Each structure stands twice: as structure tokens, then as C-alpha cells.
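Novice: Sequence:
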Amino acid sequence: MTNKLFLTLFIVIGLLSCTKPEQSESPKLVVGIVVDQMRYDYLTRYWDDFGLNGFKRFYQDGFVSHNHHFNYYQTLTGPGHASIATGTTPSIHGIIGNDWYDRDLGHNVYCVDDDSVQGLGSLTSKGQKSPHRLITTTFADQVRLHSQFRNKVIGVSLKDRSAILSTGHSANAAYWYAGNDEGVFTTSTHYMDTLPKWAADYNAKKYAHQFASSVWNTLRPIETYTASGPDNSPYEGIFVGADTPTFPYDLANLQPDYHKDKGLDIIKNTPFGNTMITDFSLLALENEGLGQGSETDILMVSYSSTDHVGHQFGLTSVEIQDTYLRLDKELERLFAHLEKNIGMENITLFLTSDHGAVHVPNYLKDNNFAAGHSKSDGIQDGVNVALYAMTGVKNLVAHIINDQMYLDHDLIAKYNLSLVKLVAKASEVILDFPTIENVFATADLPLLSPSEKLHNLILRGNNKKRAGDLYLLPKPGYIDYGSTGTTHGSGFSYDTHAPLLMMGHGIRKGQTYTETSITDIAPTICALLGTAFPNGMTGNIIEEALLKADK
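Position 216 (the sequence shown) corresponds to 216 in our numbering; numbering is contiguous.
Think of the hints as simulated: they come from the structure by calculation, not from any bench. Computed from a predicted structure; not experimentally measured. Any given hint might turn out to be false.
Mimicking SDA-like on lysine to any residue, the simulated pairs with C-alpha atoms at most 25 Å apart in a straight line are [stated by the list, open to error]:
#1 K475 x Q511
#2 K414 x V385
#3 K464 x D99
#4 K475 x L445
Cβ pair distances, simulated, as ranges [what the hints assert, rightly or not]:
#5 G372 x Q118: 41 to 47 Å
#6 A204 x T514: 45 to 51 Å
#7 S294 x F433: 57 to 63 Å
Quick reminder that beta carbons are idealized off the backbone N, C-alpha and C, glycines included.
Whole structure, please, built from the sequences with the hints as guidance.
Specialist: Encoded structure:
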């Protein structure tokens with residue numbers, strides 16, 4: 001009897017001493033901020049001009065990874081947002097580019113186009129988007145599953161792919177900007193049947209028209225922009241209607257320098273696009289009651305104007321510096337709202353980028369660096385000529401996109417040609433182009449050594465069902481782009497090195513110089529929340545960033 005009583009007491013005491021797994025209290029809200037095309041070194045270049053309550057607040061109150069990288073190739077907006085959200089790479093989540101060539105359809109497909117849904121808020125096809133091409137779940141999807149769909153997940157961006165891919169399949173809403181002659185935020189019937197009244201009211205007030213009629217001048221006296229080159233620079237793109245790329249810009253009389261953008265799209269190429277994103281995000285927070293319930297809500301905010309300005313003006317422009325100084329103010333405004341209405345102790349925040357960017361090649365060349373432009377259309381023509389001479393069949397190269405060459409498999413089958421021999425010949429021709437560093441046959445990728453970093457980046461970026469037949473790797477500093485402005489997409493450090501800043505609930509103060517990867521964000525958030533990981537996850541938990549609960 002005594003032994004039984006002792007055993008019973010022992011069990012009871014043991015049960016009472018047991019605690020719930022770590023992070024028993026989850027935050028009320030997770031806010032993920034993605035700054036499109038933000039290089040890590042923008043933090044250090046503009047540091048002296050940032051205020052205390054924007055970017056610097058992460059350093060004061062949170063955790064900083066100084067050696068954070070994308071761990072795949074191609075570094076583009078679609079793959080970037082998908083990799084942040086899913087904790088894996090394009091080889092698994094399937095978003096290998098913003099667009100890619102679909103062999104079955106015989107043309108390019110856009111990563112979030114979906115004709116099966118209808119747009120809401122826009123009268124154009126810009127609303128017909130969904131995450132249906134994303135193969136895996138996101139961390140937001142896992143939180144939705146964990147809460148039995150009682151929480152809310154919302155994404156906001158100028159870009160459809162950014163809002164959609166950062167939130168996943170089960171989000172309550174993703175909102176993106178439809179410019180041209182509309183200037184509205186739109187969504188699709190993938191998420192809802194009708195646009196919420198608060199969003200419709202925002203659109204009705206025509207804020208985009210007001211911004212597009214304003215003047216963009218520097219936030220501070222232009223002589224203080226010492227982290228940039230001269231305002232009038234030959235390396236910068238020029239707005240249509242302007243004579244020089246110089247401040248001030250009277251937007252009412254200008255158009256974007258992108259041929260496909262018109263009218264109210266000009267806002268995207270100014271800091272005012274970021275202002276609109278903050279405004280709309282604050283409305284979403286208020287009207288959807290984010291962070292006010294018993295479950296952890298998620299708000300993903302992607303600032304796109306930094307990318308548009310970077311593409312047009314380049315890395316050393318006054319325009320890009322001014323855009324970041326103004327973005328610092330937007331972050332301050334967002335944080336102040338969160339602090340007042342929810343409390344920062346109840347919120348977990350992270351900030352990162354979807355890719356970096358390279359200096360304008362002509363700027364590099366003029367300063368004695370090896371750089372230049374690699375034109376894919378010239379390579380396609382050269383390979384087609386060589387393959388025609390070899391086989392007598394014209395146009396065996398169907399397309400080049402994302403540094404991948406797709407051969408026409410229908411023609412190859414029709415004429416009973418050897419794909420192996422065609423790929424070998426194409427490789428020879430491609431390597432003769434002086435701008436190309438290397439070429440890899442997709443069929444040979446399994447033979448690459450994962451221990452070689454560049455090889456590993458290619459392997460992680462390769463989705464077998466969507467990839468081309470050859471990977472073309474330009475030399476460092478070479479891009480397939482215009483003579484002014486810049487772009488991204490490579491596996492080189494200027495495109496892979498991104499910021500990772502975290503703060504708030506469950507995040508410890510500190511920093512690390514140990515390399516972390518973009519695919520580590522999702523598992524770290526899931527670990528903090530105690531949910532299952534995204535189903536294709538390959539990243540790791542950044543343990544250094546997390547507070548440890550008492551056991």
C-alpha cells in the first residue's frame with residue numbers, strides 16, 4: 001500500500017513538473033517585411049542617414065544576420081518571395097522564375113497568372129492571379145492549418161507575385177496594385193467573392209492619382225546625399241518626358257521608362273509606391289483586426305518601389321538613396337502603429353529581401369572593372385545557326401529565359417534527332433561567347449558536386465519539370481539588360497547577399513556572422529510558433545535568433 005501511494009505521488013509530482021514545449025505563448029501577430037532588391041550593404045551605406053526608429057530599431061531591439069544569402073540560382077522576385085515563405089528552394093517549390101517557358105503550351109507562363117479566377121477591384125486581367133503554380137505550403141499555410149483556419153493571413157504589395165507567393169495557398173487575402181489608368185489595389189476570387197468595403201473605399205479616393213500628380217524631390221538637401229554619385233549620371237534611365245535623370249521630378253508630365261508601364265504605373269518608380277503600401281497595410285491591420293484575436297495572425301508587406309527605382313536608376317543613384325531614406329520613415333510609421341495598437345511585445349517581425357542587384361555594368365567598366373552585357377537573343381541566334389548546319393532543321397532553340405535554354409523537343413522528335421548531341425553542340429557554341437563563364441546541361445546536373453557552392457546553387461534552382469535543357473552562366477558583372485539601370489538574377493554575392501533583421505516576441509537581441517540562408521526564415525518562424533514546418537522545407541532553424549523558454 002505504501003509503495004503504491006509513493007508511486008502515485010511520484011507520478012502526480014512528475015506530471016505537475018512537466019511544462020508545455022518551448023514558446024507556449026505565441027505572438028498575436030507576425031509581420032514579415034520584404035524590401036524588393038535590397039542589398040545588405042544598403043544598411044551600412046545609408047546608416048548615418050537613417051533615423052532611430054526604422055531600420056536601426058532592429059539593431060537596437062532585435063537580431064541581425066550579417067551573412068544572410070540566397071542559396072539558389074535564379075535570384076528573382078517570384079522565387080525570392082516563394083523561398084522566404086516556403087523555407088525551400090525553386091527545385092522543390094517550383095517557382096523557378098517570374099516567368100518560365102512551358103513546353104506543353106509552347107510559350108512563357110507567368111508565375112501567378114490564373115485564368116480560372118476573376119479579378120476584384122480592377123476591370124483588367126491584372127486581378128486574375130493565384131498561387132496555383134506554387135507546389136509547396138508556406139509558413140503562413142502551416143499557421144492556418146495549426147489554428148484550424150481561425151487566424152488571418154494577408155499580403156500587400158505593388159507586385160502581384162510578391163503579395164501572393166509570400167502568403168501561400170490559404171491566405172485570407174493578397175492585395176496588389178493595378179496601375180495604368182486605374183491606380184487601384186486588386187485581388188482575385190481565389191481569396192474572396194467581393195472586395196472588402198474598406199479596400200473599395202481606398203480605391204474610390206484615388207490616392208494613386210494624387211501621388212502621380214505630385215513632385216518627387218529629395219527628402220533632404222541634395223548635397224547631403226554623399227553615399228551616391230552625381231545626380232545627373234549617364235548610367236541612369238530617364239523618365240519618358242524628362243531630359244535628364246535629375247531632381248525634381250514633376251510626375252504629372254512624366255511616364256516610366258519601362259515600355260510596358262503606363263500612366264499611374266509611374267508611382268512604382270518612385271518612393272510614393274512604398275507610401276501607398278504602408279497606407280494600405282495600416283488599413284488592413286485596422287479593418288481586419290489583425291493581432292486582436294486569440295490566434296496568431298500574419299501580415300506580409302512587400303515594398304516594391306525599391307526594385308523599380310533600382311532597375312531604372314541603379315545602385316549609386318541619388319534616387320535609390322532617397323527611396324531608402326523615405327522607406328526608413330515608412331518603417332517608422334508602421335512600427336509606431338503596431339506599438340500603439342498591438343504592442344511590440346506581442347508581435348514578431350522580420351525584414352529581408354527577395355534578391356540583391358549588381359552595379360550598372362557600364363559604370364563598372366568605366367571604372368576599370370570587368371563587366372558588360374550578355375544578350376540572350378544573340379546567343380539563341382548563334383546556336384540556331386550552328387544546329388541548322390548540323391541537322392538541316394531550323395529554329396531548334398525554342399526559347400531562352402532565366403539563363404536557361406529550351407530546345408524544341410517536338411522538332412527533335414519529329415526529325416528523330418539526338419537530344420544529347422544537340423545539347424553538346426549547343427554547349428560548344430555558347431562557350432564561344434565571351435560573356436559566358438560556363439554552361440551546364442540540365443541532364444548532367446546530378447553529376448555536379450554539391451560541395452561546390454555554385455553547383456549547389458544551380459541544383460537548388462533546378463526544377464526538373466520546368467527547367468530548360470542548358471544553364472547559361474554569364475561572367476560576374478555581366479547582365480542581359482539595357483545600357484542604363486541594373487538588374488539581378490545570378491548566383492553571385494551581389495545578388496545573393498541580403499539583410500535579415502528580426503525583433504519582437506520570441507526574438508533575442510544579438511547578431512551573427514555565421515552564414516544563414518533565405519530558406520531558414522520559415523522554419524525559424526514555425527519553431528517560434530510551435531507549428532509544423534512547410535511540407536517542402538529544407539532550411540534550418542536559426543537558433544541564435546530565438547529566446548529559449550524556461551523548462
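Novice: A separate judgement is required for each hint: does it hold in the structure or not?
Specialist: Structure-based check of each hint:
This hinted pair does not check out: K475 and Q511 have alpha carbons roughly 33 Å apart, beyond 25 Å. Taken as a hint, the K414 and V385 pair is honoured in the structure, with Cα atoms around 19 Å apart against an allowance of 25 Å. Distance restraint check for K464 and D99: the Cα-Cα separation of roughly 16 Å lies within the 25 Å cut-off, and the hinted pair is therefore satisfied. For the given pair, K475 sits about 19 Å from L445 by alpha-carbon distance, which is consistent with the 25 Å threshold.
Restraint check, G372 to Q118: a C-beta distance of roughly 45 Å satisfies the suggested window 41 to 47 Å. Range check, A204 to T514: about 50 Å between beta-carbon atoms, so the 45 to 51 Å window is met. Under the hint 57 to 63 Å, the C-beta atoms of S294 and F433, about 60 Å apart, fit the expected range.
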